[in-house]
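Chains as they are written, first to last, in the working numbering: chain U, 1 to 315; chain Z, 1 to 315; chain F, 1 to 315.
Mixed in with the good hints there might be a few duds.
[As the list claims (entries may be wrong)] Output of the computed footprint for chain Z on chain F, the stretches with three or more beta carbons under 8 angstroms from beta carbons of chain Z:
no., segment
1, 62-69
2, 73-80
3, 270-278
4, 288-299
[To be verified] Examples of chain U residues lying across from chain Z (beta carbon under 10 angstroms, computed):
no., residue
5, P48
6, A52
7, F85
8, G95
9, E96
10, T97
11, T101
12, A103
13, M108
14, D109
15, R236
Just so you know, these hints were derived from the structure itself, not from any lab.
Glycine included, C-beta positions come from ideal geometry on N, C-alpha and C.
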Amino acid sequence: MTAAPQLAADGRLRHLLTLDGLPSALIENLLDDAARLREQWHTQRALPQHLAGRTVVNLFFEASTRTRTSFDLAARRLGALVVNFDIASSSTSKGETTEDTLATLEAMDADAFVVRHKENGTPAQLAAHARQAAILNAGDGNRAHPTQGLLDLLTIRDRKGRVDGLNVVICGDIRHSRVARSDVHGLHALGAGSVALCGPASMLPAREEFPGCRISDDFDAALTDADVVIMLRIQRERISDLPDLDVDSYHARYGLSMQRLARARRDALVMHPGPINRGVEIASAVADGAQSAILDQVANGVFVRMAALTRLLAR
Amino acid sequence: MTAAPQLAADGRLRHLLTLDGLPSALIENLLDDAARLREQWHTQRALPQHLAGRTVVNLFFEASTRTRTSFDLAARRLGALVVNFDIASSSTSKGETTEDTLATLEAMDADAFVVRHKENGTPAQLAAHARQAAILNAGDGNRAHPTQGLLDLLTIRDRKGRVDGLNVVICGDIRHSRVARSDVHGLHALGAGSVALCGPASMLPAREEFPGCRISDDFDAALTDADVVIMLRIQRERISDLPDLDVDSYHARYGLSMQRLARARRDALVMHPGPINRGVEIASAVADGAQSAILDQVANGVFVRMAALTRLLAR
Amino acid sequence: MTAAPQLAADGRLRHLLTLDGLPSALIENLLDDAARLREQWHTQRALPQHLAGRTVVNLFFEASTRTRTSFDLAARRLGALVVNFDIASSSTSKGETTEDTLATLEAMDADAFVVRHKENGTPAQLAAHARQAAILNAGDGNRAHPTQGLLDLLTIRDRKGRVDGLNVVICGDIRHSRVARSDVHGLHALGAGSVALCGPASMLPAREEFPGCRISDDFDAALTDADVVIMLRIQRERISDLPDLDVDSYHARYGLSMQRLARARRDALVMHPGPINRGVEIASAVADGAQSAILDQVANGVFVRMAALTRLLAR
Chain U
1 MTAAPQLAAD GRLRHLLTLD GLPSALIENL LDDAARLREQ WHTQRALPQH LAGRTVVNLF
61 FEASTRTRTS FDLAARRLGA LVVNFDIASS STSKGETTED TLATLEAMDA DAFVVRHKEN
121 GTPAQLAAHA RQAAILNAGD GNRAHPTQGL LDLLTIRDRK GRVDGLNVVI CGDIRHSRVA
181 RSDVHGLHAL GAGSVALCGP ASMLPAREEF PGCRISDDFD AALTDADVVI MLRIQRERIS
241 DLPDLDVDSY HARYGLSMQR LARARRDALV MHPGPINRGV EIASAVADGA QSAILDQVAN
301 GVFVRMAALT RLLAR
Chain Z
1 MTAAPQLAAD GRLRHLLTLD GLPSALIENL LDDAARLREQ WHTQRALPQH LAGRTVVNLF
61 FEASTRTRTS FDLAARRLGA LVVNFDIASS STSKGETTED TLATLEAMDA DAFVVRHKEN
121 GTPAQLAAHA RQAAILNAGD GNRAHPTQGL LDLLTIRDRK GRVDGLNVVI CGDIRHSRVA
181 RSDVHGLHAL GAGSVALCGP ASMLPAREEF PGCRISDDFD AALTDADVVI MLRIQRERIS
241 DLPDLDVDSY HARYGLSMQR LARARRDALV MHPGPINRGV EIASAVADGA QSAILDQVAN
301 GVFVRMAALT RLLAR
Chain F
1 MTAAPQLAAD GRLRHLLTLD GLPSALIENL LDDAARLREQ WHTQRALPQH LAGRTVVNLF
61 FEASTRTRTS FDLAARRLGA LVVNFDIASS STSKGETTED TLATLEAMDA DAFVVRHKEN
121 GTPAQLAAHA RQAAILNAGD GNRAHPTQGL LDLLTIRDRK GRVDGLNVVI CGDIRHSRVA
181 RSDVHGLHAL GAGSVALCGP ASMLPAREEF PGCRISDDFD AALTDADVVI MLRIQRERIS
241 DLPDLDVDSY HARYGLSMQR LARARRDALV MHPGPINRGV EIASAVADGA QSAILDQVAN
301 GVFVRMAALT RLLAR
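Excised from the complex, chain U in its bound form (with noise of 0.2 angstroms):
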């Protein structure tokens, strides 16, 4: 998949699907517009009604109350009246095609549709039959979560001053991960100095999806001079599935300990899409510490959703 569905023949922002192959431009304005709407947030609790008149569809085949809710407030809070269609209890449960129940959402003016599905591509096939409405893509299979991106990167750049020459570590599951496809597209973009993913084998992805990064499963190692360490979610489910590991080992060689993080550089920031498994991938002293940045990044989820809401939305 490249950019260009997502983006208008003039440039403009038109559906948001992936930050693969976004202009750098682009994404720097993006966060810029969500910094300017947290400090007008900060500082008066009310924010200029974008988004009047305009309605937002919640469209989660998929669920997550956390991302969801994330959504919800950005629009909300910027005056957008917003659904959420209860995917359960919905036509496409009744044989409705996907693209008919978003042309019936489209013919009762939904401006904008906030999808999350399991399945690679669907918020771009979606975007594909769209006449008017914007898609934004909130997470689909393990390809793209863009808008995770754009708040990771918002929250390096306020940490860090930059992204720019920075050394980056995700370590995880990173076969299985949008969160960091997302990421790696996002500090590519923004010129980070070196991406790492580290893992045990069985969760590394094959090296030619990841062009530019090291893929190691040393995290030990990878963590050296790293100035930002992105931890990912491990679901208990799936470790228990591999024949050779259990939570303790994991936790031992992958898990972010306080002594493990002394490896890397003395202020380097610590991130976690969440929800954190405590004592699995991350202990607790570490999440709860200085250096962690995870509620940061919780806060700034809802301003740059606010930002690409605004851009594809606002008149």
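Here the structure of chain U is known, so what remains is to put chains Z and F in place on it, guided by the hints.
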């Protein structure tokens, strides 16, 4: 059921339960109001907040995301607060009577209830118990779906310039269809020239239920001179229950293909309440073709619901 | 649990967890605020938007559509955004701790959490972890349901002119009832003359839990001179678990019939937190009769919740 209970002594609309017996002037007024709201929305993307301070409760005993979303958007775009009352986790499931649930929500100053129920008569029964609140029937059993009837009339009037004198064919499971019943009531009220009801014998209604309609199992013959063809949704489950029917043979005799549509008048309008089963009751080429008004129906649904809510609730 | 954690150092209300230990002046102020908001609503059907820019999260670990709707309407009619956080599909079900869920939602600038939980103490525990947000207890275990206590006090004060000096009887499953506990705390704070607790022996509490109350299994005797009779909801399941109890014998001894009500003072007020079981703990003639204040309680519930939210959140 007569229409009397839904009109106040002064002839004002008190509830919207059925189109059966509703004065044709009132129906025309509702369509005019809907068209006016639509015009305002399309030019300004903003509407007078007729329902500010009003509370509308969606009381769906039967799931219907599509209809509920349409009512929801109609109410909220006019400034109402909408509560989606979750029957499954409500007091009703703790043994509270529906009348007590109604009284409780009325005590919280709910102004209107949008009710969908699989049993005939539930909305009328709630209307009999309501102290002040208005009841809007969003479909009860096979009896009535008055806002569907209104949106179909508005769509026909828009595209044909009138309803008076038109030949209308309705095809599908007439026996179990509340849409067919409300359409017939509305079409007769506005002076349709003829109404023909078609379907396999097992899906045809008792003749006395539909006075003034032609009833036949010969869809091809019925299509001659048709100005409007309304296709009903077929539930695949229902077909497979029938001994001598399968989806293919249903489509062969009762599905609307381009070829079969050619039997109707050249400019015949094709309608469907949705969600559609492509290749069962309607061919994709017809559903997506120039004669199809299916998405117009969806769009008009929001505006007729706005008109009904405004008439019932505005001060 | 003392009330201390819910008051800030300056005596201001910081959380609303229980009426136990809450200063009576503060209780009276909340009732006055509620009555003032009710007056404004009834005359103008519009309220000052005290909560504009504020976000309230409904965190119901135990389903309760009635209470949740009451809080929801209270918050939204004052201009707040309300998020109904769906526990079932949330991160909590993915192994996230409740404290991390709280921290995550606080990072999204949630200002208040309305919490219902079947375990005693969950709201207090969340209050201990909250950074800025206010916690409102919407019922925890059998411990407290403070807004129910407040709405009962307001209802009594409205209909009797005072609480001071009144004789109050509470009948039902006292042992498991958070409503009884919050009512008793409130009644004692406002100087009720006597409080009697009645029910079958298996439903009576330990004496030391209710200092200052009469406890008895003789409902008929307790009713003499009663000014207020509060009937509690009986769960049919709980009755059928008891060896020597069935619904009919329960009703015969502890159900409030017209005949039994005649034992109380002529103008005794009848109350019930709802949903009612007609013919079990209360006869329909009583529930619907002139002495019943059941729907007043429901109406008042919205206004005391508005008063509490305003006090906790308004700037």
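Evaluated hints:
no. : hint    : in the structure
1   : 62-69   : holds (count 5)
2   : 73-80   : holds (count 3)
3   : 270-278 : holds (count 5)
4   : 288-299 : holds (count 4)
5   : P48     : violated, 16 angstroms
6   : A52     : holds, 7 angstroms
7   : F85     : holds, 6 angstroms
8   : G95     : holds, 6 angstroms
9   : E96     : holds, 4 angstroms
10  : T97     : holds, 7 angstroms
11  : T101    : holds, 8 angstroms
12  : A103    : holds, 6 angstroms
13  : M108    : holds, 5 angstroms
14  : D109    : holds, 7 angstroms
15  : R236    : violated, 28 angstroms
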